Amino acid sequence: GAGVSQSPSNKVTEKGKDVELRCDPISGHTALYWYRQSLGQGLEFLIYFQGNSAPDKSGLPSDRFSAERTGGSVSTLTIQRTQQEDSAVYLCASSYAAEAPVPYEQYFGPGTRLTVT
Amino acid sequence: GENVEQHPSTLSVQEGDSAVIKCTYSDSASNYFPWYKQELGKGPQLIIDIRSNVGEKKDQRIAVTLNKTAKHFSLHITETQPEDSAVYFCAASGDNYGQNFVFGPGTRLSVLP
Chain A
1 GAGVSQSPSN KVTEKGKDVE LRCDPISGHT ALYWYRQSLG QGLEFLIYFQ GNSAPDKSGL
61 PSDRFSAERT GGSVSTLTIQ RTQQEDSAVY LCASSYAAEA PVPYEQYFGP GTRLTVT
Chain B
1 GENVEQHPST LSVQEGDSAV IKCTYSDSAS NYFPWYKQEL GKGPQLIIDI RSNVGEKKDQ
61 RIAVTLNKTA KHFSLHITET QPEDSAVYFC AASGDNYGQN FVFGPGTRLS VLP
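So the sequences go chain by chain: A and B.
Counting in this note's numbering, the first sequence runs without a single skipped number right up to 117 at its last residue.
Counting in this note's numbering, the second sequence runs without a single skipped number right up to 113 at its last residue.
It cannot be assumed that every hint is accurate.
What the hints assert, rightly or not - Covered stretches of chain B, going by a simulated chain A footprint (3 or more residues, C-beta under 8 Å):
| hint | segment |
| --- | --- |
| 1 | 34 to 46 |
| 2 | 102 to 109 |
Stated by the list, open to error - When the alpha-carbon atoms are kept at most 20 Å apart in a straight line, the in silico SDA-like pairs for lysine to any residue are as follows:
| hint | chain 1 | residue 1 | chain 2 | residue 2 |
| --- | --- | --- | --- | --- |
| 3 | B | Lys42 | A | Pro8 |
| 4 | B | Lys42 | A | Phe45 |
| 5 | B | Lys58 | A | Tyr104 |
| 6 | B | Lys37 | A | Gln41 |
| 7 | B | Lys42 | A | Thr115 |
| 8 | A | Lys57 | B | Lys57 |
| 9 | B | Lys37 | A | Ala88 |
| 10 | B | Lys37 | A | Tyr104 |
| 11 | B | Lys37 | A | Gly71 |
| 12 | B | Lys37 | A | Ser38 |
| 13 | B | Lys37 | A | Phe45 |
| 14 | A | Lys57 | B | Gly1 |
| 15 | B | Lys42 | A | Glu44 |
| 16 | B | Lys42 | A | Gly42 |
| 17 | A | Lys57 | B | Glu2 |
| 18 | A | Lys11 | B | Lys42 |
| 19 | B | Lys42 | A | Pro110 |
| 20 | B | Lys37 | A | Glu105 |
| 21 | B | Lys37 | A | Gly40 |
| 22 | B | Lys42 | A | Tyr107 |
| 23 | B | Lys37 | A | Val12 |
| 24 | B | Lys37 | A | Gly3 |
| 25 | B | Lys42 | A | Asn10 |
| 26 | B | Lys42 | A | Lys57 |
| 27 | B | Lys42 | A | Ser38 |
| 28 | B | Lys37 | A | Tyr107 |
| 29 | B | Lys22 | A | Ser87 |
| 30 | B | Lys37 | A | Arg113 |
| 31 | B | Lys42 | A | Val12 |
| 32 | B | Lys57 | A | Glu105 |
| 33 | A | Lys57 | B | Lys58 |
| 34 | B | Lys42 | A | Gly3 |
| 35 | B | Lys42 | A | Asp24 |
| 36 | B | Lys57 | A | Asn10 |
| 37 | B | Lys42 | A | Ser5 |
| 38 | B | Lys37 | A | Val89 |
| 39 | B | Lys22 | A | Gly40 |
| 40 | B | Lys37 | A | Thr115 |
I should point out that these hints are in silico values taken from the structure, not numbers from a laboratory.
Note that this is a predicted model, so its numbers are computed, not measured.
Quick reminder that beta carbons are idealized off the backbone N, C-alpha and C, glycines included.
Please take these sequences and the hints and turn them into a complete structure.
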């Protein structure tokens with residue numbers, strides 16, 4: 001079946017511009033995560049959506065970052081007034097989440113490589 | 001919150017040898033421990049996971065062991081092959097995950113032919 005897809009795969013933008021990154025999760029997955037991965041580094045948690053609950057935004061590094069998830073499916077991560085330090089790979093993952101708060105494996109998309117010049 | 005450490009950061013082995021990567025976690029409430037493999041230019045992919053009600057799990061050449069008392073878990077790869085070369089991430093999560101699903105910093109494994 002279809003996995004998690006992300007678009008664009010690569011994005012080059014000038015400092016100060018806004019960018020939008022899109023994530024299409026696996027159908028039926030109610031949990032969705034965004035992570036940031038700098039070159040050669042681990043995964044930095046950004047934001048988590050679970051069903052209709054309020055998102056966990058505790059990982060967003062500044063108020064220039066925001067994300068939304070429409071209709072419990074597609075998610076968009078927006079970075080306003082981009083800075084060079086925002087350059088990284090942005091990964092999206094989705095997960096099945098049962099009613100009980102038991103963690104399940106995450107399925108990752110291929111990522112969007114963002115370069116801010 | 002949870003903190004996950006991973007060692008070593010890089011590991012080189014000869015083809016056919018075994019590789020072991022170790023992780024420690026801080027939150028005794030964590031109960032789910034997955035391992036992900038990330039190849040160049042791709043997103044991480046789950047290779048094996050273990051829950052806190054078991055001490056060991058094996059899938060062909062890959063095994064994971066968990067010591068809840070010591071709060072550490074390890075990935076074992078036997079008979080390594082060049083295609084095992086990748087970055088491996090461990091993670092730990094408890095219930096009510098979200099930010100509590102925490103990844104280790106990763107181990108770059110190189111299998112030398």
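Consistency of the hints with the structure:
no. : hint                 : in the structure
1   : 34 to 46             : holds (count 8)
2   : 102 to 109           : holds (count 5)
3   : B:Lys42 <-> A:Pro8   : holds, 14 Å
4   : B:Lys42 <-> A:Phe45  : holds, 18 Å
5   : B:Lys58 <-> A:Tyr104 : holds, 18 Å
6   : B:Lys37 <-> A:Gln41  : holds, 14 Å
7   : B:Lys42 <-> A:Thr115 : holds, 17 Å
8   : A:Lys57 <-> B:Lys57  : violated, 34 Å
9   : B:Lys37 <-> A:Ala88  : holds, 19 Å
10  : B:Lys37 <-> A:Tyr104 : holds, 17 Å
11  : B:Lys37 <-> A:Gly71  : violated, 31 Å
12  : B:Lys37 <-> A:Ser38  : holds, 17 Å
13  : B:Lys37 <-> A:Phe45  : holds, 18 Å
14  : A:Lys57 <-> B:Gly1   : holds, 15 Å
15  : B:Lys42 <-> A:Glu44  : holds, 16 Å
16  : B:Lys42 <-> A:Gly42  : holds, 14 Å
17  : A:Lys57 <-> B:Glu2   : holds, 17 Å
18  : A:Lys11 <-> B:Lys42  : holds, 16 Å
19  : B:Lys42 <-> A:Pro110 : holds, 5 Å
20  : B:Lys37 <-> A:Glu105 : holds, 13 Å
21  : B:Lys37 <-> A:Gly40  : holds, 14 Å
22  : B:Lys42 <-> A:Tyr107 : holds, 12 Å
23  : B:Lys37 <-> A:Val12  : violated, 27 Å
24  : B:Lys37 <-> A:Gly3   : holds, 16 Å
25  : B:Lys42 <-> A:Asn10  : holds, 12 Å
26  : B:Lys42 <-> A:Lys57  : violated, 25 Å
27  : B:Lys42 <-> A:Ser38  : holds, 14 Å
28  : B:Lys37 <-> A:Tyr107 : holds, 12 Å
29  : B:Lys22 <-> A:Ser87  : violated, 30 Å
30  : B:Lys37 <-> A:Arg113 : holds, 19 Å
31  : B:Lys42 <-> A:Val12  : holds, 18 Å
32  : B:Lys57 <-> A:Glu105 : holds, 16 Å
33  : A:Lys57 <-> B:Lys58  : violated, 36 Å
34  : B:Lys42 <-> A:Gly3   : holds, 13 Å
35  : B:Lys42 <-> A:Asp24  : holds, 16 Å
36  : B:Lys57 <-> A:Asn10  : violated, 37 Å
37  : B:Lys42 <-> A:Ser5   : holds, 12 Å
38  : B:Lys37 <-> A:Val89  : holds, 16 Å
39  : B:Lys22 <-> A:Gly40  : holds, 19 Å
40  : B:Lys37 <-> A:Thr115 : violated, 24 Å
Of the numbered hints stated above, those contradicted by the structure are hints 8, 11, 23, 26, 29, 33, 36 and 40, listed in ascending order.
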